[in-house]
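Number of protein chains: 2
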Amino acid sequence: MSQHITLSIDAMGGDNAPNMVVEGMDMALRDLPGTKFILFGRSEQLVPLLEKFPKLSANVDLRHTDDTVSNDEKPGIALRSGRQSSMRKAINAVGEHEADGVVSAGNTGALMAMAKFVLKTLPGIDRPAIASLLPTMRGESVMLDLGANIQCDAENLVQFAVMGEVFARNVLHIEKPSIGILNVGTEVLKGNDSVKQAAAILSETKLPIDFYGFVEGDDIGKGTVDVIVTDGFTGNVALKTVEGTAKLFAGALKQELMKSLPGKIGALVAKPAIDAFRSRFDPRRYNGAMFLGLGGICIKSHGGTDALGFCYAIKVAHELVKDQLNEGIKEDYARFSSEHHSIPLIAAED
Amino acid sequence: MSQHITLSIDAMGGDNAPNMVVEGMDMALRDLPGTKFILFGRSEQLVPLLEKFPKLSANVDLRHTDDTVSNDEKPGIALRSGRQSSMRKAINAVGEHEADGVVSAGNTGALMAMAKFVLKTLPGIDRPAIASLLPTMRGESVMLDLGANIQCDAENLVQFAVMGEVFARNVLHIEKPSIGILNVGTEVLKGNDSVKQAAAILSETKLPIDFYGFVEGDDIGKGTVDVIVTDGFTGNVALKTVEGTAKLFAGALKQELMKSLPGKIGALVAKPAIDAFRSRFDPRRYNGAMFLGLGGICIKSHGGTDALGFCYAIKVAHELVKDQLNEGIKEDYARFSSEHHSIPLIAAED
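Protein chains in written order, with the numbering used here: chain A, 2 to 351; chain V, 2 to 351.
Worth flagging that the hints you see were computed from the coordinates, not collected in a lab.
A quick note: this is a predicted structure, and the numbers were derived from the prediction, not measured.
All residues carry an ideal CB built from backbone N, CA and C; glycine is no exception.
Treat the hints with care, since some could be wrong.
Pulled a few chain A residues facing chain V out of the computed Cβ check, cut under 7 Å [unchecked claim]:
id, residue
1, V48
2, P49
3, E52
4, I221
5, T235
6, T246
7, A253
8, I266
9, G296
The calculated DSS-like cross-link candidates involving lysine-lysine, where the alpha carbons are at most 27 Å apart (straight line), are [said to hold, decoys possible]:
id, chain 1, residue 1, chain 2, residue 2
10, A, K121, A, K75
11, A, K272, V, K272
12, V, K223, A, K255
Make a model of the complete structure from these sequences and hints.
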């Protein structure tokens, strides 16, 4: 890591790019003074935008490229034909140690494919996972995988557990994070083979990991565990279900309040409290999904976010660089692997 | 169906049984006059309870049995050794055409195993599914499967789609219900083999089914489709995630409002609106999961519910009997099967 943290930014990814990207960078810089940016994208669009933010401009190294990755591009195609894209060049900057981390609001599959190709996976990790923080009754939990791996075996889930544990310890600063595997019930006999075997492995490990066991969908909101481990299919559905339910609730509350005069007056009087409630669950605050298990920090911003959301994604990247997340994963995974391979995997099956 | 609708009730299932069961029956009877009940359970507990509700008692045929199914009993064991249980006897009453439907708040796995054994599946249905209504921005949608089938192939999902469609038409009274398959993205290439193949089959069918395509987790709350089809693992996690997020939100809203005087005053002024909001998402209103695809109406109440929740589960059973759901499923499935088997399944694979 250089003295100042340098982040490379894909200016062209996301529905409202590049405007929200540049504005989000400016917001982030105010809270993270000293941060340097390398910005990749079309200079004819970016130069006039940057002129509006002189303080930001002084900390931006603009690199022109015409090519972009579209949202419907298949990952494999993007990987082969997108070598000159803003996304790929932003990732390359991390691979070439010019930047400490990369942020993009572009095509998730393409970003993962390119990041995996350029940054490689950490030793012992077969497949990187997408992780995100979620609000809970107790604070925040981290859930992974959120869509990078549609089908997962027990070994994948165990790797996610270790990555999530290191993340919670190094970034959420929880001394001994608890880990749960998402399932349809809490009894050991419930679920598919992958979750049952992964639970058996994690129960038997001698590593100082606090394995809670199985958790269910409602445990996400309760904050029963600090780390929720699941396959990418289930995790993606669960994450988006949280988002959808949040929107449904916020909309319905507003609707009911606006239906009557007492409702309107009450809402006006309680506005600071209602605003605090809304802000607590503002999806922009939880923007910035982390690609864990790669040889570099890579953050995926929601494609539909605005400047504030992109600012939060930048902050996540900054935090992971600052906390040296990958060093932690490497060390812990090495310890875990040597321990783990002494466990007879066959004992987990029956 | 007899002139009056008769429901058989397992008095002993659920955390607060039999009190909440009997009280819930009394509540339901007030809204559904003329309903008859056959109540199975321990008469020494039930007789004194029924004495409190003379109007209900006049409509209850009490059948004593000592045996009950515990919550941690494995389905196979319950099936073999629970022949004298209140749950099994309540199901038998439907199998023997004494009752038109059964309601139990007991062990889900045992209830499904017993109901499948006694009531059999409908022609053309390999596996019954658990379905439930969910609140959405547009009203209500039905989602299935919610946990009966942990691993599902394309054929299972197609059967769920047909059952869900018939349900939405006959019970939600939607003329042409739209059907979506829950996935991690809306593009045809996303997801696992089961969802991709099921989508291909449903896209190609000539039946008058309104197949929307894939939906994501946030489409549940949006109400994008009337019927959400998914495997039992994903569906169970999604349903409980909705419940957990709802609780998290309700709790956090209350917390923020009670933190300050203006919040408290605003909440008091807007109380009717906030109560309307709370009632709209009261989980008890959505109690009563339906076992679809069986040769009889079987409703599973949440184990932890109270009398009001159990009352709603009874109402669901009553509604399904009244709307002759199973006749609809049988007819539609027969039509679909003859059509469906002319579709080359192999075309769906690639």
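Status of each hint after checking the structure:
Proximity of V48 of chain A to chain V is violated relative to the hint, the smallest CB-CB distance being about 35 Å (cut-off 7 Å). Of the supplied interface hints, the one on P49 of chain A is violated, with its beta-carbon coming no nearer than about 34 Å to a beta-carbon of chain V, more than 7 Å. Checking E52 of chain A against chain V by beta carbon gives a least distance of about 37 Å; that is not within 7 Å, so the hint is violated. A hinted interface residue such as I221 of chain A counts as satisfied when its beta carbon comes closer than 7 Å to some beta carbon of chain V; here the least separation is about 5 Å, so the hint holds.
Proximity of T235 of chain A to chain V holds as hinted, the smallest CB-CB distance being about 5 Å (cut-off 7 Å). Because the closest C-beta pair between T246 of chain A and chain V is about 4 Å apart, less than 7 Å, the hint holds. At a threshold of 7 Å, the smallest CB-CB gap from A253 of chain A to chain V is about 6 Å, leaving the interface hint in force. Among the interface hints, the one on I266 of chain A holds; its C-beta lies about 5 Å from the nearest C-beta in chain V, closer than the 7 Å criterion.
Hint status for G296 of chain A: violated, given a least beta-carbon distance of 25 Å to chain V, over 7 Å. Distance hint between K121 of chain A and K75 of chain A is fulfilled; the C-alpha atoms sit about 20 Å from each other, no more than 27 Å. At roughly 14 Å between alpha-carbon atoms, K272 of chain A and K272 of chain V fall within 27 Å of each other, so this suggested pair holds. A hinted pair counts as satisfied when its Cα atoms are at most 27 Å apart, and K223 of chain V with K255 of chain A qualifies at roughly 15 Å.
Checked against the numbered hints above, the structure violates hints 1, 2, 3, 9; every other hint is satisfied.
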